[in-house]
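The residues making up each chain are set out below.
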Amino acid sequence: MKMLKLANLGGWLSAINETQRVYLPIEAADQVNYGVWTPDSVVRLDALRTVKSAKDAFFPQVENMMNFKTEGKNVSVEMIDPKVENFVVLGVRACDAKSFEILDRVFLSDPYDPFYAARREHSTVVTLACGRPDENCFCVNFGIDPADPKGDATMWIVDDTIYLRASTEKGEALVKDLEDADTAPVEAQQAKTREICEKLPFGKLNLKGFDGDHLMEKFNNPKWAELSRACLGCGTCTFVCPTCQCYDIRDFDTGNGVQRYRCWDSCMYSDFTLMAHGTNRPTQVERFRQRFMHKLVYFPSNNEGMYSCVGCGRCLAKCPQNLNIVKVIKALGGDEA
Amino acid sequence: MSNNITTEDILRISGVDTRKCMFCGKCSGTCPAFDEMEYHPHQFVYMVQWGMIDKLMESKSIYKCLTCFACLERCPRNVQPAKLIEAVRQAVIRQQGMNHMTENDIPGLLEDKLPQQAIVSAMRKYKK
Amino acid sequence: MPVNTEWKPKIVAFCCNWCSYAGADLAGSSRLAYPADVKIIRIPCSCRLNPLFILRAFQRGADGVILCGCHPGDCHYSTGNYYARRRMTLLFSMLNYLGIDSRRTRVEWVSAAEGAKFAATMNDFAKTITELGENVKLGDLRCKEN
Amino acid sequence: MQKIGVFVCWCGSNIAATVDVKAVANAMRSEPGVVFSTDYQYMCSENGQNLIKDAIRDYKLDGIVVCSCSPRMHEATFRKTAMAAGLNPYMVEIANIREQCSWIHKDMPEGTEKAMVLARAAIAKVKKNAPLTAGTSPVTKRALVIGGGIAGIQTALDVADAGYEVDIVEKSPTIGGRMAQLDKTFPTLDCAACILTPKMVEANQHEKINLITYSELENVSGFVGNFTARIRKKARHVDEKKCTGCGVCTEKCPSRKGLNEFNMGLNTRGAIYIPFAQAIPNLAVIDTSNCIHFKTGKCGICEKNCSAGAIKFDQEDEIIERKYGAIVVATGFKPIDASYFDEYAYTQSKDVVTSLEFERLMNAAGPSKGVLVRPSDGEHPHDITFIQCVGSRCSHDATKGKEYCSKICCMYTAKHAMLVREKYPDVNVHVFYIDVRTPGKNFDEFYRRAVEQYDVDYIKGMVGKVTVEGKKLHVQGSSLLSNDQLHIYSDMVVLATAIEPDPTARSIGTMLTASMDTNDFFTEAHPKLRPVESPTAGIFLSGVCQGPKDIPETVAQAGAAASKVIGLLSKNELVGNPCVAHANELLCNGCSQCERVCPYGAITYVEKEVRGPEFRGVKRVAQVNEAVCQGCGACTVTCPSTAMDLKGFSNNQIIAEVDAICR
Amino acid sequence: MQRELIERLNALIGEGVGKRVLGWKRGEFFYDTEPAILAADQLDELVYDSFCGPNLSKYLIQEMPKLGEGEKIIALIKPCDSYSFNQLCTEHRINKDKVYVIGVGCKGKIDVDKIRARGITGITGIDVDGDALTVHTLYGDEQVNRKEVLLNKCLSCKGKEHRVFDEQIGESEETSTGDDRFDMVKKLEAMSAEERFAFWRGELSKCIRCNACRNVCPACSCVKCVFDNPNTGVQNKAAADDFEENLFHIIRAFHVAGRCTDCGECSRVCPQGIPLHLLNRKFISDIDELYGEYQAGEEVGQRHPVINYTQGDCEPSIVHERGSNA
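Protein chains in written order, with numbering that gives the first Met the number 0: chain A, 0 to 336; chain B, 0 to 127; chain C, 0 to 145; chain D, 0 to 662; chain E, 0 to 325.
Chain A on its own, in the form it takes in the complex (with noise of 0.2 Å):
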């Protein structure tokens, strides 16, 4: 276990970025996202949850696949090569740590997109521990321990100090340097937020039945329609969710040629998928229903199990209308199933 002051989170900070850029919570216009740091950046380790989450770091919004050139009536293809310099990303929260496993299982397996294995390839993440969950939390549901966060470093804030311990070599390079320290006040923390997490309103979700052996019987259950009555279909809960990780491929006309870029897409868009016959999902219930039905069972029933939501708790809070993932669990899972 190694040590540094919070005051002396700066000097490390530029020390990295000589070497390597490094993205970490940072806070401009009053609100806390991820982004590069600078000298000049407000940087906001002690905010509990970034609005948008931290797979920017691997999957930005929008990001360029590849250009044609057009001169006269001649078209040029240029691919666009997915170089990545090594860069970390910091303060990562047991929950978003987690969805890198998720995304990971989507991206990494075939097709292998090459822009976000270079991204994962090339980066260093030190995550954070939490030290006061809120009541919209409910990692635990999903065997994630928020005072243990996985990467290849972890970090707690204990009142001004920073305790880190690497558990890779790329995380052992950014700390080796470091002073050592004592494993107690550690501890401490994790057993106090261990306790919390008891506490928690949502800390024992009963997910039983969400699984491909129960998906037609949760696919056709009326209460989609009463779940998705106030949904805006606007796509709040997918953009800041960690595990979202659908995409559309659109072509931007620059007047001199076209540049084929991907942006996020939400399935929560009327015009999601949309086709020459026009949309599968006409109405919002069954767009609503192929959100939660892909986090809760499709995506589990193709991956062992595994989940694709982290229980970060951001839909909860940003819903305009107060829907969320937590309702939908409540009404549909249990003995129901």
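Some hints here could point you the wrong way.
Computed cross-link-like contacts, DSBU-like style, restricted to lysine-lysine with a CA-CA straight-line distance of at most 30 Å [claimed, not checked]:
#, chain 1, residue 1, chain 2, residue 2
1, B, LYS19, D, LYS548
2, D, LYS232, D, LYS251
3, D, LYS618, E, LYS65
4, E, LYS186, A, LYS326
Calculated directly from the structure, the hints in this document are not laboratory data.
Position chains B, C, D and E relative to chain A; hints supplied.
Showing chains B, C, D and E alone in chain A's frame:
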């Protein structure tokens, strides 16, 4: 007496747009104090417009206006001559020492039939 | 393609068919010069100008956008330019609010008889835009690449 | 991929001197979609046009761009060329490289570069063009005239003389309108009845004119050439076929409470009445609000006395629904209500009258049989004061007056003054005026006659107030020229009240979707060039409904409106402009915003079953009447969902031009 | 008041006024209310309290086609929501004949995020006693003054008057702070152009194009938004660069100009806390200043200023004269 009071000053104080006047004379036709006045309401309008402010300021007409607002009410173009007259009066009062009436004048003016209210309002109107 | 290193402004002029486009034609037949940076798009009436078209022009690299229509009261369609006037006032004010120089947008009423006014307006607008320089605040970088 | 042809014109040296036309043609050849590009000295010449036609056929072009002079010059020419070669004429775009390029630039490289940009913009646009076909619609050969005053009568006569059927809808029981109420007319002083009555009779007897009196327009639908009007013919309670107009019933009627409208309420009439002796149609009508039979069920004296058996107490309103090709608005005017002017004591003294009341007092058929007497006591007046501009030129308060000049008051006041002085030389006549406005043939001469020959006392100034003092009216006014305040004790005061559009005009304007100004006068399609047409196609304006005017002007405008109607009705079908707005029903929100900005009333809303990939069901959608739409595009920008687009100048066409220019 | 409301609703349904009620239902937490359409047997789920912030009027659009001939839905409408209701009636998106409006009293609604912003997290319950709020958290209880944590929209409350209702239940209270609602607009206008540009870049660059502002907006009721329509040339699912962020918000504000009732929902729902209402308020303040004061939704059938004109309107050059470009 050089007052340096300009047309613009009077227009600003009064908020009147003299260009709206079409010189129909209805204000003077309706004025109950017409015979008392050297310059009549419609003359105020064009005299202000043409910068003849000094003459108006020197004239007793400004004290003869009853401020009954008949001209203002009847004017078809909403020119509001009464406000111009009031503005000229204001311009005079604003000159130091130019009060038309002082406290000392009052006892001599007192009459049994004169309501107290009239004296108070006269003070307001003729003195700063 | 010849590469022109010297920056020249791009100006889009939307002209209503009945007054201002004819005014532009008259400027032409009177041989009244104005910069070639001004390119005219004919629309039936000033009220046809959708704010989207203006933003589109800026996106694609325009440095100034001007709308010309019949004088208020003379609209071929009686009321079109009155609506255009309100829409443009509000749009320009919004752009200004966002910190975009409102001098990059303009509305002028030019009748079919005002060829000289058309040319003078375009000369003045082009001069203003040249002084303001390249539009960087409202452009789309993707359109400037290549 | 489309096949576009580009044709670059030299226009002799007009273009070629500052634009390298060959370079433009060459550059365009490599533009995507362009399969043919060439240049020629005079593209508009026969050889040039043949070149275009051949290329369209040889290369199977589905769009062409002509880089030449202004489209205002030759767009029509090249459209015809395209059509002759079998290409839809709306698949032609013009790049204006003469007026907007070669003529204003001196530098060849600069002119050439700009010409290329303009050509590319035209190519970009033409790629988004769609073939358009102008719609046609049939024309119903019948006109409707709303209002049976002199304006309506004259329009109807002129249209009918050209051989078309005309219906006149008149809300009162007789035609004739305001002019019938006048005594004499300025500046000739001929008797109004003498010149109007023959016209009324002619209208009545014309085989092509159908009078629908005592009737009101209830609803109008349709569009130019194809209007349908619903007219409510109110029950007269008199059988029109039987009534001979003998007038016996009107004399016998025991009710005398109804105010005589024709005499401006200065006297009363029976509950059954004929408005005036020369009324057309000459039929009695029962005013049910004053009829004893209708109030109590008793009486029936008229019925007993009618030898023709024409009284029909149980008659009901009749609805007439008919189709018209054109509609003429001739709704006329009324004097404003003088009771707003308490300073003139109109409501306090019967001897303060309006000019129209005075007109009746002077008329031989009026309440005093043409003898000028004071309404209050029937005595002969010795002194009369006229006050001009009562409620005209007044911007003080919209409820009180009108900002405009009513135009006719100066002249009729001079007429009244003159007539009084001629008939009763002992009467003193004063006229208070702000300005005397007499622009018109023989008008000023007329006014001067009143002053010089008849010795009318014209006073420049306005009356401030009128008070009743005993039997006299104390008129207090200013005389600006003498800088005096005058006090005149008159026996009568006559108010030249402003005129305003008839109160029914607003609702008729709404029915017709014809635009009106803030004063409720109908607006013309163009103030100078189309003064007798409403912006709404097929609606024409006649008389004071469009703005204050005197009788000769009214008659002239009535004739002008008639000629426009005849021009329209003479066509068998109307060919529309295909560049019209079109609503995409799938995208339409039904919000009605476009309807509000359409200057022509071309947009209506219907509940309609709509079937699309994302929506199925009944919804409210906009529909554009292509025969009425003029293609301004106001609706397209109002529409937030882009459901409304304009053919020929669509969003995508304009965006394509923008993109090409800014590239 | 909630009990009174439920009793009245039961009575109304009993009388056959309508079968279903548009209101709010309780979620997982005290503060967590969800817009809901409840049938007679679900009325015990109905909640009406200090957390019922969402504007419900837009939900009525989708209910219209579901109603049969003569059938009505009962809707709970707060005073401020009644403006949106009227505006939607004006635009024929709602048919008043098909809605039985209960004007529910409102004394201001609480913004739970404002409580969180005070560092009070782990909120598990809130007790309301007048203006005193006791917030229960995983980490102990906290006291908060209700007035200090009202939704921003309540701070520029339009007053306690319902602009439309069939009946009213409950008392209302005006919660406006009395500050000019255009203060921030004026502050921005007074900045230099560069400062304004920096401010808006900072704000709009946070936009994740989730469309929450648009989808919640009662004025943004298009069947298909231009930004979702592949034929408009502006369709996009994410803002690929600064321009597209600007474009979306400028056009959105323009499309609702004259129709926006200033209900504040856009800013309430923005997950990134972008003060979107400042764009709409700019248009409102310009309209008020240039074309006369106008409040959308005050009456049904109003012709809003952007689809209206007067011959004497100011010229667009007023923008150059008035606004600073420096």
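Taking the hints in turn, this is what the structure says about them:
| no. | hint | in the structure |
| --- | --- | --- |
| 1 | B:LYS19 x D:LYS548 | holds (25 Å) |
| 2 | D:LYS232 x D:LYS251 | holds (26 Å) |
| 3 | D:LYS618 x E:LYS65 | holds (12 Å) |
| 4 | E:LYS186 x A:LYS326 | violated (42 Å) |
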